[in-house]
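A.B. asks: Below, each chain spelled out in residue letters.
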Amino acid sequence: MYWNPSIERMSKREIEEIQEKRLRNLIWTAYEYSPFYRRKFKEAEIHPSDIRTLDDLKKLPFTVKQDLRDNYPFGMFAVPLSQIVRFHASSGTTGKPTVVGYTDSDIRIWVESLCRALVSCGVTSDDIVQIAYGYGLFTGGLGFHYAAEKIGATAIPISAGNTARQVELMRDLNTTVIACTPSYMLYLSEYASQMGVDISETSLRMGIFGAEPWSEETRKRIENKVGIMAFDVYGTSELSGPLFTECIERNGIHVWADHFLVEIVDPETGEQVGEGEKGELVVTTLTKEALPLVRWRTGDITYLETDKCACGRTHPRIMRILGRTDDMIIVRGVNVFPSQIEHVLMQIPEIGEHYMIFLDRREDGLDEMKIQVELSERVTIDTTAGILELEKKISDKLKTVLNVSAKVEVVNPGTLQRFEGKAKRVVDRRKI
Amino acid sequence: MLKQISVFVENKPGRLAAVTEKLFEKGINIRAFTIAEAGDFGIIRMVVDKTDEAYRTLKDSGFTVSLTDVIAVEVEDKPGSLHRIAKVLGDQGINIEYVYAFTSREHKALIIFRVSDVDSAKKVLENLGVLFKGEIK
Numbered sequence: 452m453y454w455n456p457s458i459e460r461m462s463k464r465e466i467e468e469i470q471e472k473r474l475r476n477l478i479w480t481a482y483e484y485s486p487f488y489r490r491k492f493k494e495a496e497i498h499p500s501d502i503r504t505l506d507d508l509k510k511l512p513f514t515v516k517q518d519l520r521d522n523y524p525f526g527m528f529a530v531p532l533s534q535i536v537r538f539h540a541s542s543g544t545t546g547k548p549t550v551v552g553y554t555d556s557d558i559r560i561w562v563e564s565l566c567r568a569l570v571s572c573g574v575t576s577d578d579i580v581q582i583a584y585g586y587g588l589f590t591g592g593l594g595f596h597y598a599a600e601k602i603g604a605t606a607i608p609i610s611a612g613n614t615a616r617q618v619e620l621m622r623d624l625n626t627t628v629i630a631c632t633p634s635y636m637l638y639l640s641e642y643a644s645q646m647g648v649d650i651s652e653t654s655l656r657m658g659i660f661g662a663e664p665w666s667e668e669t670r671k672r673i674e675n676k677v678g679i680m681a682f683d684v685y686g687t688s689e690l691s692g693p694l695f696t697e698c699i700e701r702n703g704i705h706v707w708a709d710h711f712l713v714e715i716v717d718p719e720t721g722e723q724v725g726e727g728e729k730g731e732l733v734v735t736t737l738t739k740e741a742l743p744l745v746r747w748r749t750g751d752i753t754y755l756e757t758d759k760c761a762c763g764r765t766h767p768r769i770m771r772i773l774g775r776t777d778d779m780i781i782v783r784g785v786n787v788f789p790s791q792i793e794h795v796l797m798q799i800p801e802i803g804e805h806y807m808i809f810l811d812r813r814e815d816g817l818d819e820m821k822i823q824v825e826l827s828e829r830v831t832i833d834t835t836a837g838i839l840e841l842e843k844k845i846s847d848k849l850k851t852v853l854n855v856s857a858k859v860e861v862v863n864p865g866t867l868q869r870f871e872g873k874a875k876r877v878v879d880r881r882k883i
Numbered sequence: 003m004l005k006q007i008s009v010f011v012e013n014k015p016g017r018l019a020a021v022t023e024k025l026f027e028k029g030i031n032i033r034a035f036t037i038a039e040a041g042d043f044g045i046i047r048m049v050v051d052k053t054d055e056a057y058r059t060l061k062d063s064g065f066t067v068s069l070t071d072v073i074a075v076e077v078e079d080k081p082g083s084l085h086r087i088a089k090v091l092g093d094q095g096i097n098i099e100y101v102y103a104f105t106s107r108e109h110k111a112l113i114i115f116r117v118s119d120v121d122s123a124k125k126v127l128e129n130l131g132v133l134f135k136g137e138i139k
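Protein sequence lines, in the order shown, are assigned to chains A and B.
Under our numbering, the first residue of the first sequence carries the number 452, and numbering increases by one thereafter.
Under our numbering, the first residue of the second sequence carries the number 3, and numbering increases by one thereafter.
Please keep in mind that the hints were generated in silico from the structure rather than gathered at the bench.
All C-beta atoms in this analysis are idealised placements derived from N, C-alpha and C, irrespective of residue type, glycine included.
Mixed in with the good hints there might be a few duds.
[What the hints assert, rightly or not] Interface residues of chain A toward chain B, partial, derived using beta-carbon atoms under 7 Å:
| id | residue |
| --- | --- |
| 1 | G678 |
| 2 | E828 |
| 3 | N863 |
| 4 | L867 |
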């Protein structure tokens, strides 16, 4: 099933022709109408006429999160405010807030992208979609809402939180699809069983999970625990919101290349990496009007597959997000991604799905990483030696993967913090 | 043979109370009790009057619980009683992993043993006439 078959299956060559045309147009528009880009291009001594082919893309400077903050609220916009139909804003928990404006066309393309994605992973007009992403300034809720309605599915705009209500409506309204963060899905299933509801016996058949990096092992855990198919979704507020999901093949996330031009660069040097190599995802928005982004550094670490997918779609796929450049923690000089830790933990059957990472600095200046995990209720270890052995087994496995040692502490089931939105599992208590 | 209940708990204020509260609510009586402590956590071990109910209650409350076979020995509450048993087990090459004891009105002194070789230990203690075969009340 396709939402827009002629575009989704068009040849690579046709896609490139569209991209080239739209890239030239984007650079001219940004130069003419966005004061920020005019300044930026001039500083880089680039004139729009220098950008003729896709290969010229690498001459262009990057756009980074700090640019959005420095030009808050309107300094990067390329249209007059009268053409803006909506604002979304990020809370600014990691810095100054950022604001994204949308023209009518921006909203339409956002919805079109997610419609293509939802159909590609098998959502149909018969589905009842419980949208447990936040509604409001966060893009998750409204993004899914309009796309679900557009394909003719039924939206339940419940937003995030209020878990008891989530379970009740899921059961009573026969929800078939849920959209939320993967950590919330795990919490929701625990909560449901405490309420005496077994989600695997409800009509729920699939989930679309994102807004935080998650691993293949977490996917397996969710699927086994809840008895549903779990799909990955990608998008960021700066690019519009949730835009792309895995297709039914679940072999990467299709990026709609007629609207978004993707590259993978080395996060240190900014150079494009070779085909299939891992690096930071950089996206150029080819058709966004209000806030066009040229070579936007997403901060997400992934790699790209460009061959045609078994589903028939020709658009490139970003593979699983391996981590974020700004999630990266440096422990004793070693780079560690929380996703690597999750990957190890989820392979250990004696422990649960929730974990926390604590960083401390000892008086002698050495960093210490402590990882708390919940002992599974199914375990029957009845000696202290057995628990110590388990802790050692986990910490040995982590050491081989991370190249830095971590102290592992097993805690009682159900005692670690649960997250309703994006999980914040790293607590950095080091005083720098 | 007796069943002992083991519960994993973090070494934090209130964790023991969380366990005992559940047992109290169900009117379960703890007859023997010990905590093996290991830094950040401990294992509570106990013998209770209503074992199955205690196990289910704690499990349903989300604790990591397990049941272990232990041996109980009933002896006079007087000097030399424990020594006699420890010596016999030692002579037979049976290792005692842990042991704890309690006295009560209903029983004489009851000593709970977890040993390396349960079957041999039972035989030895039965020959000695001290193996507890009754029920914990």
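A.B. asks: If you take the shortest Cβ to Cβ gap from L867 (chain A) to chain B, is it below 7 Å?
C.D. replies: With a closest approach of 11 Å, the L867 (chain A) hint is violated.
A.B. asks: Would you check whether E828 (chain A) satisfies its interface hint, that is, whether its CB is within less than 7 Å of any CB in chain B?
C.D. replies: 6 Å, holds
A.B. asks: Quick one, is the G678 (chain A) hint okay against chain B at 7 Å, beta carbons?
C.D. replies: Violated, because the Cβ-Cβ distance from G678 (chain A) to chain B comes to roughly 21 Å (cut-off 7 Å).
A.B. asks: So, N863 (chain A) near chain B? Judge it on the closest CB pair being under 7 Å.
C.D. replies: 6 Å, holds
Consistency with the previously given hints fails for numbers 1, 4, ordered from lowest to highest.
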